[in-house]
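Engineer: So you can see what is in the structure, the chains are spelled out below.
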Amino acid sequence: MKLKSLSHHFLKVAALALATATATAQDKLPTAQVNTTGLAVTDDTVTVGQLHSATGTMAISETGSIQAEQLAIDQINAAGGVLGRQIKVIKEDGASDWPTFAEKAKKLLVSDKVGTVFGCWTSASRKAVLPVFEKENGMLYYPTFYEGLEQSKNVIYTGQEATQQIIAGLDWIAKEKKAKTFYLIGSDYIWPRTSMKIARKHIENVLKGTVVGEEFYALGSTSFGSLINKIKLKKPDVIYAAVVGGSNVSFYKQLAAAGINASKQTLLTISVTEDEVLGIGGENLAGFYSAMKYFQSLDNPNNVEFVKAFKAKYGKDSVIGDVTQAGYLGPWLWKAAVEKAKSFDIDKIVEASPGLELTTAPEGYVKLHPNHHLWSKLRIGQWQKDGQAKVLYESELIEPDPFPKGYQ
Amino acid sequence: MKTDHDNVLEVEDLGVSFDGFKAVDGFNFYLAQNHVHVIIGPNGAGKTTVLDLICGKTLATSGSIKFKGKELRGVREYRIVRAGIGRKFQNPSIYENLTVFENLELSHPTGRGVIGCLMFRRTASIKKQCDDVAEQIGLADKLDTEAGILSHGQKQWLEIGMLLMQDPEIIMLDEPVAGMSVRERTETALLIRKISKDRSVIVIEHDMEFVREIADRVTVMHLGKILAEGSMEKVSQDPKVIEVYIGH
Amino acid sequence: MGEYTSEELQSIFIMQGFSGLSLFSVLLLMGLGLALIFGQMGVINMAHGEFMALGAYTVYFCSHLTETYAPTFGPYYFVAAIGLAFVVCAALGALVEWLMIRHLYHRPLDTLLATWGLSLILQQSYRSIFGAREVTPTLPEWLMGSYNVKEGLDIPINGMFVLGLSIVVTIALITFMYRSAFGLRLRATVQNRKMSAAVGINTGKVDRLAFALGCGIAGIAGAAFTTIGSTGPDSGSRYIVDAFLVVVSGGTASLLGCLASAFGIAQAQSILEFFLEGTKGKVATLLVIVIALMIRPQGLFPSKVRGN
Amino acid sequence: MPLLFRTLFKTRGEALAFGGFLLLLLVVLPLALPVFRLNLVGKYLTFGFVAIGLVLLWGRCGILSLGQGVFFGLGGYCMAMFLKLEASDPVTTAIQSTPGIPDFMDWNQITKLPMYWEPFKSLPFTIFAIFVVPAVIAFIIGWALFRRRVGGVYFAIITQSIALIFSLGIDGNQGYTGGRNGITDLRTLCGWDIRSENAQYILYFLCVVLLFTVALGAKYIINTRLGRVLVAIRDREDRVRFSGYDVAMIRAFIFAFAAMLSGIGGALFVLQVGFMSPSIVGIIPSIEMVIFTAVGGRLSVLGAILGCLIVNFGKTTFSEAYPDLWLYLMGGTFIAVVMFFPNGLAGLLEKIPTSKGKYAALFARFKKTTPVVTTKTTPISDEN
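Chains as they are written, first to last, in my numbering: chain W, 91 to 498; chain X, 27 to 274; chain Z, 1165 to 1472; chain D, 55 to 438.
Hints are computed from structural coordinates only; laboratory data are not their basis.
Any given hint could be a false lead.
[Stated by the list, open to error] Footprint (simulated), chain D over chain X, 3 or more residues, beta carbon under 8 Å: (1) 60-68; (2) 71-79; (3) 98-112.
[Claimed, not checked] Some, not all, of what chain D presents toward chain X, calculated at C-beta under 10 Å: (4) Val285; (5) Ser297; (6) Gly386.
None of these values were measured; they are calculated from a predicted model.
Where is the CB? At the ideal position from N, CA and C, for every residue including glycine.
Only chain W is shown next, with the shape it has when bound in the complex (with noise of 0.2 Å):
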């Protein structure tokens, strides 16, 4: 069933792959000379790892990249494979539980000798194993948008870092609704609080607006009675917020029960994805508003195959939010390193990765900066009842800026 719904899309990709001039089976390269570091590469395989939470708390929220991942590596095995070879994938499962993630990572890299790993989602679970791909020379795509403050050689982030996130988002906000209050909330963790302190400088220093609260949630938090009584005194004008998890669902469920809904004020959220909707439902968030780079709805060509590809593999319920997508470009942009350095070498592909492109990824073209952040868009999706996203404003390409100067 795959095969035939997929044929379409196949014959693009192979016709890319030829484009790109290498990975046919007849002038396959030699494994010898495509691996000289002793990955696990055979004549007729690659093997890759693929480190996340299938159990635990983060089960929920890992299922869509552990499947948008699948999904990419299948298709390119179908289309040849990377350097003619096959990819095996050896997944792992990090439980939730960081130490089990650096753990599994060591293993991964240490045991299997795999030539990449796709994985992690929190921050983490990402800061529990870098020391560890850095130490064993191991190659890490990372689909999450993330708080950013961290740039290493062998990690290539596929989602997008803080600013790429929030400042046109702000902006874009702040002129629509003529807004100048602001309330943020958030959970209480790394990235929700960086992103926070970014919007907060953004806020004062550049819309000359004000920040009227600012509050962290623990994650798992369940009661917001207080919280919103307090949003209601202090009227802001916009609820800028980045909660994430089981407290998504009860913080949208109350904030509707409470009265506050999108006609009589303005949500932009940074931490709500299709996936997260799912569980808050669409009734609850109708007219809010998302920052994201990727929405399920977007209508061009690639994400038209994507979302028809994707949901022939995994069901016809099921949804695609933004890491799912960024978890997707993760296999594509190895083998398109791979290809372009002849090799499977680390160094060689991290020597390869500035400025690669990808013409065909859902979300529309991206390209690979030297810090290992990819340019993309922003775009604001109002959720609508269905649980989809309109997608109401799309920026200009932004370049990643991990280490956002003014922001810090």
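Position chains X, Z and D relative to chain W; hints supplied.
Structural biologist: The following block gives chains X, Z and D in isolation, referenced to the frame of chain W:
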């Protein structure tokens, strides 16, 4: 009544109430040296509560408990024990999976602090003391028996033996002969008479024959108060006492 | 707070009072089933949260069925789903009691650990059956939104619903405990198990029913919480510590203790969260409870039965 | 010497088991396993410190703490603070707004090292703190609770809440604690690269040697009068109290001792894993540590260490192959252990050579028809 230091324990105006219910009220009690003092009374009279109050298990709401002139109210249980008051519970309370010897040894007062426990060594004198006590309570041939398989009466004796190891000045026994055979009762009575040579003993008991055998003095309690006090002959002829016992 | 009008402050005061009440009803609903089991057998059921999640999934399942087969029934299915959640959870509870708990009555700490093992299994089975992602049942229109008393004063309908439900459940439980023959047997067993057995009460059956009832109430709680929270494989674990603390602070003696401690904790948390920020409010609440428990470990309403 | 030997080991078999196990960890595993796997074994063994504490506290003294992760965390954080300060010298952190302070502080606009971080620049102080901080905090908590006779289920729930408060507190103060990400990217100990293979071998051996020292210490305690008093407290609390022992003090002491062991484990964990995070101190890891102990045998020191190794080994290997089945297996194993083998693996191993009679006795206990509620655990067999 004498209040000089012939009395090792002087309890005055003792009272305790649980949510307004006065379990013990205006209780006065004087324990003379080397006496066996028995407290009797119908169920619910507050006898066990009195023992609980003296040994600190329950905190009194009024009154005073003086042991050799020192106030015991508010003092923690283990300190009361260390001061020299031992208590046996109604149901035999022993360490069932230790041997008789280990039960006795564990009750020896050397090294009861944390450090003391770590430093504790089984010296010859401790061993001898255990043997002597075992002799006294008739368990000399059962030293290596696991305490759990002793008969009910032997368990009661073992617990008395554990108190004797501490060499207290007052021993409080809560129904020591409940569930014993006639022969065991006789032996227990002898044991109590014997141990009271060097110390005072408070006994709670229902069995009047047994009380007659051991008591130097008897206090009758009813509804938390003292009904009568004196020698067994005297209280058994007290019309109030007769009424309470026959009335029930 | 000079910058606000007195009318605004008044509205906030009322709404803040209501959010305290609403949190109270949430805590109460969570705690009741647990308290019943704890009072009956001195056992903390660590899988309590998973029973709540089962209740929530039951509602989701019903919502799914209704949408697929009987869309006209949409506005009413929720009430039926709550009933079904009770039945499903009580049935599972009875099964668990029969298979596991009854063998462990004389070892309360081990029961606590065994039920934790059970919670792992339940969580993973939810993940296998319903997927790792969170789900949300389609709630009937009448449960959504808020009741607008006047400008700036909104009372959430789902909050009122949960409050109403918790009152109904509490009254039903109290009536059941103090007015029914089974309630009498149950209370008798708590007070003196041997004696109850001697006068012909089947204490094993009483235990099973009490456990099932406790789990059933957890199911109702879980079902009701679909209106305010999320439903996922581990959503139960988000509630458990709060529920445990409600029960432990209440003391073992009575449902009254549970009621009082739920009220106290809810008000403390609601007020602290209003004046402190986010996590700090929660930490402060927990600290207050733990310190209170250190000072008064027997809880608000300790058992008055004479100890041995 | 023979006297000490007899205090430590009751039987020859026990001494042999101990020696054999030591041989396995010190000789066989280092020869058989690649350094990466050996490092994992080292990580599992750090939980052994907690488990030994739980044998004394829970198995022997009947106090179930669901908050041992807190003390593991305190020890670990002390170590991590020292290593982080060493990793944050002004040269390597030159790109920060404030060079010379840990990176996460810089991200949180903290411009000066907080005062209580200062002493952790000194290694002797850090080692002192690893031993003392968990012990003192545990002693205060324990003393407050045990004096008021809090025990059983209440103690379990209160310690669990403390674990929640502790992890929330770390989360909520990320400028000072690293927050949810924890303290990461630790590299050197006094200039010695702890991530090198060489270092990992040395740290592994250090861990094994310390663990066995602690295990012998625990066995010593078990076989002295203190050990007997602990069991007596578990089974007959009132009798012990009325034999003149200060039960609250003894309990608080053993709680503090167990906490100190956990702290040592935490510090070694950080050295071997290279970071510290609140995810290893909260409610779930705290319960998992109890599981390790229960599976291995709550009464046996050696059993508890074995439990840590086996459960974690199972977790690693089984979750690689069947991640979904792992939780079923873990939950099921745990229920089975608690219900049928309360003395865990160690209890089972001891049973093997004996006759059928003991099995019958074992199962008879679960067939009791009239359940009796008491606050005591039934005396479980006490051989070790």
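Engineer: Against each hint, give a clear statement of whether it holds in the structure.
Structural biologist: Checked hints:
1. 60-68: Check failed, 0 qualifying residues.
2. 71-79: violated (count 0)
3. 98-112: holds (count 6)
4. Val285: 8 Å, holds
5. Ser297: Hint on serine 297 of chain D: holds, closest Cβ of chain X at ~5 Å, below 10 Å.
6. Gly386: 31 Å, violated
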